[in-house]
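*Asks:* Respectively, the protein sequence lines represent chains A and B. Position 28 of the first sequence, counted from 1, bears residue number 28 in our numbering, the numbering being contiguous throughout. So the number in our numbering is just where the residue sits in the second sequence, counting from 1, plus 123.
Keep in mind that the hints were calculated from the coordinates and are not lab data. This structure is a prediction, so every number in the text was calculated from the model and none was measured. Any given hint could be a false lead.
What the hints assert, rightly or not - Derived CB-CB ranges, DEER-like: (1) Pro86/A <-> Pro143/B: 32 to 38 Å; (2) Met25/A <-> Glu174/B: 19 to 25 Å; (3) Lys140/B <-> Pro30/A: 38 to 44 Å; (4) Arg62/A <-> Ala211/B: 19 to 25 Å; (5) Asp240/B <-> Gly39/A: 22 to 28 Å.
Virtual Cβ for every residue (Gly too), placed ideally from N, Cα, C.
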Amino acid sequence: MRYFMTIMPPKEVDSGERPVPQALMDAMGPYIEKVVASGALISTGGLKNSGTGVRLTGNGDRISVMDGPFAESKEIVGGYAVFECPSKAEAIQAATDFVNLHIEHGMPDIVVEVREIAGGYNV
Amino acid sequence: MRYFMTVTPSREYLEGKAPPQSLMDAMGPYMEKAVADGSLISTAGLKPLAEGTYLSSRGGRITMKDGPFAESKELIGGYAIMEFATKADAIKAATDFVNLHIEHGVPDIDVSVRPVDGGFNV
Numbered sequence: 001m002r003y004f005m006t007i008m009p010p011k012e013v014d015s016g017e018r019p020v021p022q023a024l025m026d027a028m029g030p031y032i033e034k035v036v037a038s039g040a041l042i043s044t045g046g047l048k049n050s051g052t053g054v055r056l057t058g059n060g061d062r063i064s065v066m067d068g069p070f071a072e073s074k075e076i077v078g079g080y081a082v083f084e085c086p087s088k089a090e091a092i093q094a095a096t097d098f099v100n101l102h103i104e105h106g107m108p109d110i111v112v113e114v115r116e117i118a119g120g121y122n123v
Numbered sequence: 124m125r126y127f128m129t130v131t132p133s134r135e136y137l138e139g140k141a142p143p144q145s146l147m148d149a150m151g152p153y154m155e156k157a158v159a160d161g162s163l164i165s166t167a168g169l170k171p172l173a174e175g176t177y178l179s180s181r182g183g184r185i186t187m188k189d190g191p192f193a194e195s196k197e198l199i200g201g202y203a204i205m206e207f208a209t210k211a212d213a214i215k216a217a218t219d220f221v222n223l224h225i226e227h228g229v230p231d232i233d234v235s236v237r238p239v240d241g242g243f244n245v
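One chain only, chain A, in its complex shape (with noise of 0.2 Å):
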């Protein structure tokens, strides 16, 4: 089963006035690796910060659009993976890694969200 992770790193990380631990960005590249070879991993991307995003919004018939950052988000997305898991228990287990990679790393306050796919495409 194919499950979407996104990964919500503290506000301040977005906002640049906490730069990503070098420790963390070290060890990120060895566990890619890892999980790629395991075949569990389909897709990952890191994002710029929210403040390069744009929202659209559709109310009714009509579109409005705003440019990043938002302010008013509780949470912002940082990252997101596709991973292929046997089971959900799986995935959470890759989920605990990765978030414990993070704890290790110099980032203990992190939030990944796990969802499992519906159906989709990639090319």
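Model the placement of chain B on the given structure of chain A, informed by the hints.
*Replies:* Below, chain B alone, put in the same frame as chain A:
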């Protein structure tokens, strides 16, 4: 440049209400077009919130919560990764996608467009 888009419909759809048949019928040809022009890299709709899990670490302590995340504000119903020459092209594609929903019975919908800063795709 590569862009990451999230789609947030109204709460009832996030909780599992089926989209209008007319929207589902329109989505196939829309996706075929975006695949044919090379802009669509990856996309998916997500299962209802109740099937999701939320892991939160505060100071290194992990708590786990199952959906449907009543208190969360930014909830996602689907995502797309698309490749465009400029941000204006990405916003144009997102506008087309919102219009597709408006025209097919889902007039209240949010799409966020964020540039990707490196990553990996199989």
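*Asks:* Determine for every hint whether it applies to the structure shown.
*Replies:* Structure-based check of each hint:
1. In this structure the supplied range 32 to 38 Å holds for Pro86/A paired with Pro143/B, their Cβ-Cβ distance being about 34 Å.
2. A hinted range of 19 to 25 Å for the beta carbons of Met25/A and Glu174/B is inconsistent with their spacing of about 32 Å.
3. Distance hint check for Lys140/B and Pro30/A: the Cβ-Cβ separation is about 43 Å, which falls inside the suggested range of 38 to 44 Å.
4. For Arg62/A and Ala211/B, the Cβ-Cβ distance of about 20 Å falls inside the hinted range of 19 to 25 Å, so the restraint holds.
5. A hinted range of 22 to 28 Å for the beta carbons of Asp240/B and Gly39/A is consistent with their spacing of about 25 Å.
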